[in-house]
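Working from the sequences, and respecting the hints, build out all of it.
Protein chains: 2
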Amino acid sequence: MKIVLDVYGGDFSPYELVKGAVDAVSENTGFELVLFGNEKEIQSLLKQLEYNGNRITVINAPETITNDDIPTEAVRKKTNSSLVAAINYLNENSDAVGLVSAGSTGAVLTGSVLLLKRIKGVNRPALCPVLPTVTNKKVLLMDCGANVDPKPINLVQFAIMASAYSSCVLNIDNPKVALLSNGAEDKKGNSLNKETFPLLKKCNKINFIGNIEGRDILSGNADVVVCDGYSGNIALKSCEGTALTMFSMIKDGIYAGGIKTKLGYLLLKPVFKQIKNKMDYNDNGGAVLLGLEKIIVKSHGSSKSKAIKNSILQVKSLYDGKVIEKIENDIGK
Amino acid sequence: MKIVLDVYGGDFSPYELVKGAVDAVSENTGFELVLFGNEKEIQSLLKQLEYNGNRITVINAPETITNDDIPTEAVRKKTNSSLVAAINYLNENSDAVGLVSAGSTGAVLTGSVLLLKRIKGVNRPALCPVLPTVTNKKVLLMDCGANVDPKPINLVQFAIMASAYSSCVLNIDNPKVALLSNGAEDKKGNSLNKETFPLLKKCNKINFIGNIEGRDILSGNADVVVCDGYSGNIALKSCEGTALTMFSMIKDGIYAGGIKTKLGYLLLKPVFKQIKNKMDYNDNGGAVLLGLEKIIVKSHGSSKSKAIKNSILQVKSLYDGKVIEKIENDIGK
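In order, the protein sequence lines correspond to chains A and B.
Each residue of the first sequence is one higher than the one before, starting from 1 at the first, in the working numbering.
Each residue of the second sequence is one higher than the one before, starting from 334 at the first, in the working numbering.
The set of hints was computed from the structure by calculation and includes no laboratory data.
Every residue gets a Cβ at the ideal spot worked out from N, C-alpha and C, and that includes glycine.
Honestly, I wouldn't trust all of these hints.
Stated by the list, open to error - Where chain A lies over chain B, by a calculated footprint (3+ residues, C-beta under 8 Å):
#: 1; stretch: 360 to 372
#: 2; stretch: 418 to 425
#: 3; stretch: 474 to 485
#: 4; stretch: 565 to 576
To be verified - When the alpha-carbon atoms are kept at most 20 Å apart in a straight line, the in silico SDA-like pairs for lysine to any residue are as follows:
#: 5; chain 1: A; residue 1: K273; chain 2: B; residue 2: K595
#: 6; chain 1: B; residue 1: K659; chain 2: B; residue 2: R451
#: 7; chain 1: A; residue 1: K137; chain 2: B; residue 2: K584
#: 8; chain 1: B; residue 1: K606; chain 2: A; residue 2: L244
#: 9; chain 1: A; residue 1: K151; chain 2: B; residue 2: S427
#: 10; chain 1: A; residue 1: K273; chain 2: B; residue 2: K484
#: 11; chain 1: B; residue 1: K335; chain 2: B; residue 2: K470
#: 12; chain 1: A; residue 1: K269; chain 2: B; residue 2: E425
#: 13; chain 1: B; residue 1: K606; chain 2: B; residue 2: K639
#: 14; chain 1: B; residue 1: K595; chain 2: A; residue 2: L267
#: 15; chain 1: B; residue 1: K584; chain 2: A; residue 2: T135
#: 16; chain 1: B; residue 1: K606; chain 2: B; residue 2: M582
#: 17; chain 1: B; residue 1: K606; chain 2: A; residue 2: T261
#: 18; chain 1: B; residue 1: K595; chain 2: A; residue 2: L263
#: 19; chain 1: A; residue 1: K138; chain 2: B; residue 2: M582
#: 20; chain 1: A; residue 1: K278; chain 2: B; residue 2: F580
#: 21; chain 1: B; residue 1: K606; chain 2: A; residue 2: G257
#: 22; chain 1: B; residue 1: K470; chain 2: A; residue 2: G253
This is the structure we're talking about:
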């Protein structure tokens, strides 16, 4: 089984991407990697990292897509970019099951949706990141940006797909699905929510628990939070932004407070580190684009080798967990 | 000039509300307060708080509206509730300029919008909380829940109204207005955003700086963030929820860490306190419902006396800053 890696995307490309690949094959067996990008450069990095196994193949695709490219144009024109070549490879090789990219989200979404087949019955694939909660459980927030103006039926499918992910990969039994809204009461929501609510309620493929507020996304009360891609993106980034704001306020306070607060910081360092790790995308894996016949993991643009390794292993978990088969079964039939 | 207070709303009613009223008149001059609720109980609390001035009047309105009431029904039927009586008083007395309530948001919004006059030209009043940022500036996020399905023209009016608040009360010169979206690029957004963007761009009453992501709401880059009430509510509560989650993680880490982390906590206590204060709604005042001829401040349900006092003084600041006149001038003409 093969997993493909777009080496020329993200802030720390290519070194951290190649290192992530090497670390992934060292840590886990049962898959091969196919790396796309500037072949010469990648081979030289593999040498530098003293990799001399036979589980990593490199395919030359020297063009790159940046955040400044318009996704649809880039996907159409830059066919020899590491991303498009990787997606085309996925399309043409049945033993290639998934892709990891830390490149432009727009290009990864557009390229995957345009070039790959959807799972039978799925109308709209959607982006599903894994977030930490105050408990030890994770929560899935879907959609986070792929569909800014979805219809109620799309949200029902998001719920089914994320539930499949939650049960097959995160091993949650009968995952609790909530609908993101501006209040927890049944009647809350905008027109999209109000139309979606009864459909979720009567869907027998999921365990729908009702509306949930933004305040409770990270509470652990739900295993899956369903929303349109516009609101989901805002919720996700509001959470991220607040976490960063608080870390920055703590840092400023420590600097301004003199020797006492600096000592306090040293003593509390393990606590801060633990929280940072919990909130850190490097540990939580990438966002999964669910709904296609291949597994697409969009790793954070600032991913270092650890995040890349985790995203590769995440593709393997999704494959081993038979998420696509589960979605096919729950939606396609 | 009179400010009215709905004493029977919020988790700490009536004591903290009455105490907030007494504290407000002690701290600031230039206004009188009219308190609505169970007159006997309020008078007895005023006595207990040793208030014997003549700036607080009490009007008996013994019914109460709770979060379980359906707002439209409650407003129509419970005419002798502290909230509805207070709003009616506002309507009938030209020297009564504004209301503070910590009661059900739905009832406060519904009651105010149904019973009070809108500023000439304003189509939809909207809710505007004041949020902290990493800098010392505040940011206004409007709308946060009054209009879940607004039209582009409503968002333009939200921008004008919040700009008026920012310049007249927070003394921001030419406040920077951003449109909340799922990316900072001009073309990002759902269909509502895409229609609103060009209207904001050509509006000469505001200083529009483009789209802003959820991540940057608290960055201080914008003075006003405009959005529909559904997304705004989700953004606001996602920020609140993450802040609470992080405090709870820090607390758990400290407890689990033994004597070292507990000592660290003691040394860092002033830093945590400062951050808590900065993030605290008790210090940031209530959310203002802008667009009506009277000033409505919805204080947090968990408001203690300090938050109530601040909300009362906030009404005074809005009155002194002539926000309603500014909105009338910018929208009505």
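Structure-based check of all given hints:
no. : hint            : verdict
1   : 360 to 372      : violated (count 0)
2   : 418 to 425      : violated (count 0)
3   : 474 to 485      : holds (count 3)
4   : 565 to 576      : holds (count 11)
5   : A:K273 - B:K595 : 16 Å, holds
6   : B:K659 - B:R451 : 14 Å, holds
7   : A:K137 - B:K584 : 18 Å, holds
8   : B:K606 - A:L244 : 18 Å, holds
9   : A:K151 - B:S427 : 47 Å, violated
10  : A:K273 - B:K484 : 44 Å, violated
11  : B:K335 - B:K470 : 29 Å, violated
12  : A:K269 - B:E425 : 59 Å, violated
13  : B:K606 - B:K639 : 16 Å, holds
14  : B:K595 - A:L267 : 8 Å, holds
15  : B:K584 - A:T135 : 13 Å, holds
16  : B:K606 - B:M582 : 16 Å, holds
17  : B:K606 - A:T261 : 13 Å, holds
18  : B:K595 - A:L263 : 12 Å, holds
19  : A:K138 - B:M582 : 15 Å, holds
20  : A:K278 - B:F580 : 13 Å, holds
21  : B:K606 - A:G257 : 12 Å, holds
22  : B:K470 - A:G253 : 17 Å, holds
Violated hints, in rising order: 1, 2, 9, 10, 11 and 12; the structure is consistent with all others.
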